[in-house]
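Undergrad: As a plain string of letters, each chain reads:
Protein chains: 2
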Amino acid sequence: MKKYVYAFNEGNKDMRALLGGKGANLAEMTNLGLPVPKGFTITTEACSNYYKENKTLSKSLISEIEEKIKEVETKTNKKLNDDQNPLLLSVRSGAKVSMPGMMDSILNLGMNDKVVEVISKLTNNKFFAYDSYRRLIMMYSDVVKGYPISDFEEVLTRVKKEANVSSETKLSGDDMEKITYEFKNIYKKYANREFPQDPKEQLQEAICAVFESWNNDRAIAYRKMNHITDCFGTAVNVQEMVYGNMGDTSGTGVAFSRNPVTGEDKLYGEYLINAQGEDIVSGSRTPSDISKLKKEMPSIYDEFLMCAKKLEKHYANMQDMEFTIENKKLYILQTRNGKRTAKSAIKIAVDMYKEKLITKEEAILMVDANTLDQLLHKTFDEEKLKEAKIIAEGLAASPGAAVGKIYFNAKEAIIAHKNGEDVILVRNETSAEDIEGINSANGILTVHGGKTSHAAVVARGMGKCCVSGASDVIVNENNKTITFKNNLTLHEKDYISLDGSTGLVYLDKIDLVEPSITGDFKTFMSYVEEIKNLGVYVNADNAKDAKQALAFGAEGIGLCRSEHMFFEDKRILAIRQMIIADNDLDRNKAIAKLLGYQKQDYEEIFRVMQDKPVTIRLLDPPLHEFLPKTKEDVKKLADTLNVTVAKIEKRIEELREFNPMMGHRGCRLSITYKEIAIMQARAIIEAAINVSNDKIQIEPEIMIPLVGDIKELEYVKKVVDDTAKLIMKKKNKQISYKVGTMIEVPRAAVLSNEIATKADFFSYGTNDLTQLTFGFSRDDSEKFLNDYYKKNILSFNPFETIDQKGVGKLMQISVHLAKKAKPNIKLGICGEHGGEVKSIEFCQKLGLNYVSCSTYRIPIAKLAAAQATIRKKENN
Amino acid sequence: MKKYVYAFNEGNKDMRALLGGKGANLAEMTNLGLPVPKGFTITTEACSNYYKENKTLSKSLISEIEEKIKEVETKTNKKLNDDQNPLLLSVRSGAKVSMPGMMDSILNLGMNDKVVEVISKLTNNKFFAYDSYRRLIMMYSDVVKGYPISDFEEVLTRVKKEANVSSETKLSGDDMEKITYEFKNIYKKYANREFPQDPKEQLQEAICAVFESWNNDRAIAYRKMNHITDCFGTAVNVQEMVYGNMGDTSGTGVAFSRNPVTGEDKLYGEYLINAQGEDIVSGSRTPSDISKLKKEMPSIYDEFLMCAKKLEKHYANMQDMEFTIENKKLYILQTRNGKRTAKSAIKIAVDMYKEKLITKEEAILMVDANTLDQLLHKTFDEEKLKEAKIIAEGLAASPGAAVGKIYFNAKEAIIAHKNGEDVILVRNETSAEDIEGINSANGILTVHGGKTSHAAVVARGMGKCCVSGASDVIVNENNKTITFKNNLTLHEKDYISLDGSTGLVYLDKIDLVEPSITGDFKTFMSYVEEIKNLGVYVNADNAKDAKQALAFGAEGIGLCRSEHMFFEDKRILAIRQMIIADNDLDRNKAIAKLLGYQKQDYEEIFRVMQDKPVTIRLLDPPLHEFLPKTKEDVKKLADTLNVTVAKIEKRIEELREFNPMMGHRGCRLSITYKEIAIMQARAIIEAAINVSNDKIQIEPEIMIPLVGDIKELEYVKKVVDDTAKLIMKKKNKQISYKVGTMIEVPRAAVLSNEIATKADFFSYGTNDLTQLTFGFSRDDSEKFLNDYYKKNILSFNPFETIDQKGVGKLMQISVHLAKKAKPNIKLGICGEHGGEVKSIEFCQKLGLNYVSCSTYRIPIAKLAAAQATIRKKENN
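From first to last, the protein sequence lines stand for chains R and B. Everything in the first sequence is counted per this note's numbering, starting at 2 for the first residue and increasing by one. Everything in the second sequence is counted per this note's numbering, starting at 2 for the first residue and increasing by one.
To be clear, the hints were calculated from the coordinates, so they are not data collected in a lab. Where hints are given, some of them may not hold.
Intra- or inter-copy, both count: the list cannot distinguish identical chains.
Unchecked claim - Taking lysine-lysine and the BS3-like style, the derived pairs with C-alpha atoms no more than 25 angstroms apart in a straight line are:
| no. | residue 1 | residue 2 |
| --- | --- | --- |
| 1 | K821 | K810 |
| 2 | K53 | K712 |
| 3 | K821 | K806 |
| 4 | K189 | K79 |
Throw the hints in and build the complete structure from the sequences for me.
TA: Laid out in structure tokens, this is it:
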């Protein structure tokens, strides 16, 4: 018979899929001999079955659980519902992939009217006993039954008021007994029966509730946001309760084996005396720094430090641990690889490599490529920072600089973000409901909560700047005001700036400056360069961007969209003049102007890139994109060009298209308006000749877009070649250049063998290829794609990450055909996928020579490429 | 050394590619012992070389030609430029594929000031000698030099006037000498030198001119229109001149071995006494019917008839021949397979099969599938015809019934046709410049010209109705009037009706009725049915169309576009109501109305189709297509639905798309608006149950459009299956149905192995597949595709005939994957290509089970399918 329940000593860390991350690690720690409370794990398969069997626990599963309970009773010498030494349990979720805070837990299970009295006597602590019981009733009502917890909170508040105390910990045992009595009545009111006294009933219901929490809205949203698709269901960990709230010799804490913000090799964390774990996570009491524990409980601190080092070495990774001290005895409740900022990840990787804990390859794999984004954000301009006014100070919870308008709730933050505003989300404290709001904000400021509070953890996970625990400020979420120490009050949409690395809050906007690659980051990137074997180019349209890209390590320009330079004031006028012209004289005049601009642009770019490849795409968008859209602008243009409004309107009407994406654009323009291609070729070749006179050996790569047939390529290539020949003869100077094409039309993919014979290189334009392969218009598809995600028809956005199955298959066919026809053809990608981690791994698999991405994705792309290289080797 | 010149006795009929059609047939006839004037052919390869070598004749070619001239001189006992018995030559074009009238010829070559005198004495016919000379000068000036022929025509007109005669034949020899003198002066005026006296110079220049005529505008247009792409260049036939204009014992004629209009087994043609060939073709003199020749020159007639039968038997096909009688001696100048109407083609095929001249397969291959279109045109309603007023009678030059507005020139006919008008082109006589105008017209009426005049030949080739030689009417092309015998005058845009089968012209419009398949056509189609093994379905959206389709032999409905039924008055209101509804109540009310309509539609269709397959496509177009377009209509709808204009405008704005072709349509609608799919599935299943109660065993095939991923198909299929299950349970009746999908998105093609597992059938939607594979929007691409044709980048319109290389490759991949996954999957095509001959042959090759096309293409598709079957066998 299949086994659905594993005692901790029956599992190990490699059984994540079956036992969940938490369960696997509890097993591993148990086997390592660490002080772990006894318990067992119900597998994710049992969760699947639960859903398959219409949300019921099978009889065989129940009897397996009961058997394991007996084992725990034996090991702990305690018994459920016992008169002498009763066993209490925790029931916690734990999926294969960590989803912190998304699913549910229930603690103190096994409490009832009898047991509470036994424990009260046993511990001689009535407060503790009834505090535990009332917590169970409240959690059970909330998590298992879904009753409103505000009813319970009202009672707590009222009793505290009556007793005139500010904190629950200051209430008496009798107060807690009274609260427990009232809680039971609330339960009865909703349930129409007494609170269940049978611990087994409590346990079964709790297990069901945890299974169900796999599919709550938050968990679904979290999985979608994090592209978690390859697992189903949560495991359930049932474990002996240990208590940090048994008085001043007890406590609870969370700590990282190294600093998750900076990477420093020093314990980092917080603890609370006389408290349970959720008191830390919720931020309702402000905890002490872990370093204080060394003074308060030196032997416990030493024991914990030893455990931490042991675990770190064992997992060869920085650990994030939860611990509880019950009456001077240390228990480790959980360990997992710690989430960290990119800065920390890099320092830890470099340090551990230097400490010989890990290999260079492991160091590279240790850093999540996506998180590098954090290091590539702009930082405050040091000079401007000096003049800025500090208005508050909180905890440096997640690093980075953020500037934006204040919003006081997630909903409005999301809307403002969609409208293109920079947003700072300001909250007293955040909860799981705020996740999307946090995602929409540049930065988060909270009044309550430490460095491990919800806001801090989530912000770090997303690489967002966060300042938490700014306890000096008063936030009124209803009135939408924030008031600072000096009585300054700001309102919704006022600007502030946050420094997540110092915890400082500034008034108004502060200018930002470009980031750079130095220190550990530089060292780390040198490892990356050593390993990777895929070129990383940049999509850059002007010399300024090219310069920044070089600073980030770009090895060439993979896509220079020549038309992006057309949108400046004078240039747009020239191109409009060209489009409106109805005679050769006017058209040639306009083209001559454009020639001058283009030549200058290319020359500047060539001078920046020196001998690196520069790929210039000929004019791509349909001409109507260059024409004015509003009546006002049409009138203005008519006046400037001295033509009638009617003439411009007629031309706009002529150029109007039903489906512009599939209209008169790309190489189709060069075929109809040969003179534009001639002008662009001339500008490129003349610019290259000019810089070659200064000993810059540039070899421009001229890219012809939207080719679907070899004859299109041949036609435009001939225009380019003829122009180049003419100019080189005139200037009496030979330079070499390449002519290639984009593969972005499905037809080009399946005819790549033919097309390759005339192309020096291919660049996969996966934006358009995705549109045409799916038949999804990028501008329109968002509307129905949301339904697709909801109904589980698509699990990802194909415009963000390459659809490997469909679009990828066409690319595969194309690569295969192209290499057969021309083994040395240079292959790259310049769609936006070129900077996306999963897509880069796919490109490596396909055997492309390079990816091209936006400037700020270059280090990410390089790391992804190196990781892909390592994984490819591992798989071979 | 390669041979570029072949004497007629060195070639044969299988050398068309090298010698051209005319040359190959002259060779064949020579070898058959028929009376062919001596001569030789310069190959098409020589023409290619001419273009490669910058339009010059190589020295070696010139010497080869001179050698062959000597052979002709020996065989004829005549010599170029001889004092005693001078040789005169004709130089004619002749490509691999016949392009009648598109390229140039030059006659009477070898004439000069000396030879004209020799011939005048030799024939004792000064008129004839100078007439020949002046013809040479005129043709040479026109064809070789491009001088305006109006200068020459003016002289002719003036001299005729001076001599007071109506026809050139009535001029004297002295008149002709005078004309010749003046012609030479005109030549000198333009050329700045005398008319060349050296026959060899004349010959070389003439050969160059014929080579060049391959690339004149008319020829290029003709090749494009007829999709002639697989040959290059024209051959040149140089041949001893024989003369039909040597007096009353001479003549010339053209004749078909059977009737090219009706197919009757009887000589059909015309001749003129004392005339050259171009006199017949130009229509300037009205010729006599060939039957008269039997009386006028019985032995010549018998000899010609014998030749005709010999040729017909030899070629196993009806022949189109030119002959000349020179002084009672018959010469055959040309033979080729005769162009014929579809009616004639079918009768000849059936007759020849019965005569055992050809096999059934040869009979099937003898009829051009595209021409069947002619037989499927509507004919006049017999009752209405009785009441109609006959206003003129001409020759029944090309059969069919045509109704339309009169236009007097090609240009305006083309514009009117583009504007959707029915056009009758009325001309005194037509010339090559009118071709596109003829193509735009429903019918052609000419005043001059016989049944073999330009208008008649071209119209028959295109299957257009034509009445020629309506000599009673007076057409004033400048004033745009046509005046009939009874002084009735009609103007541009007045309606007339033409009967090309009787030659009658009627006043005003006459109602037309549907054609039917009877007689020889029926017999012929029975051969077709016997041979073909590809199903032919129809694209029909209602019971009326389905009925007509059955009459034409449809074997099922391959595409029923359910939304086409939505556009009727009441229905469009219901669907608009559904789209505008912002609450469930209103939406469900509207859907309930639609359900009623749909159920009725399907039931009617099922009753017509009985047990034949009916494929119904679920709603496909984006919803905005159903909403009103003008402000006025929006207002009307708002009033009708009792909502505000703003509400409707808002909804229109919400539904607006940038690229609707790739927007929210197809199965994407069923996923977002599940309720529509449920309604349609319910209508289909309930209709099927209703007719099954009347013992009609319909098995509806429900087709889900625009699928790109198996999950899309699964989702909608589940909606359909759940609905069907529910209804069958409710009605307590089981029926079977199929669920399949269209393959019209490239992604579906490359993932066909997956998708096939869930689909009972695939139907290739090649319209959209073509759009997405090329990235060509059908609505926008015409603008730039014209440039593509001109610049030889595309040689065909991929929306008319399947792009076998690109789109076809995706289809091939799809068929391969689908059959691997599900060997018995039913495969068809329902794009417009399903009725196109070349595309059908391709579908047969791919191994599809059926093609589906519009009603009037069914017999064409069947014939194409049979021909494809035969060719496939031949190739195996």
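Undergrad: Does each hint hold? Answer for all of them.
TA: Do the hints match the structure? See the list:
Taking the shortest alpha-carbon separations for K821 and K810, both the intra-copy value of 17 angstroms and the inter-copy value of 17 angstroms come in at or below 25 angstroms. Taking identical chains as interchangeable, the C-alpha atoms of K53 and K712 lie at most 25 angstroms apart only when they sit on different chains, with a minimum of 20 angstroms there against 57 angstroms within one chain. In this homomeric assembly, K821 and K806 come within 25 angstroms of each other (Cα to Cα) both inside a single copy, at 22 angstroms, and across copies, at 18 angstroms. Within a single copy, K189 and K79 get their C-alpha atoms no closer than 29 angstroms, and across copies no closer than 129 angstroms, so neither meets the 25 angstroms cut-off.
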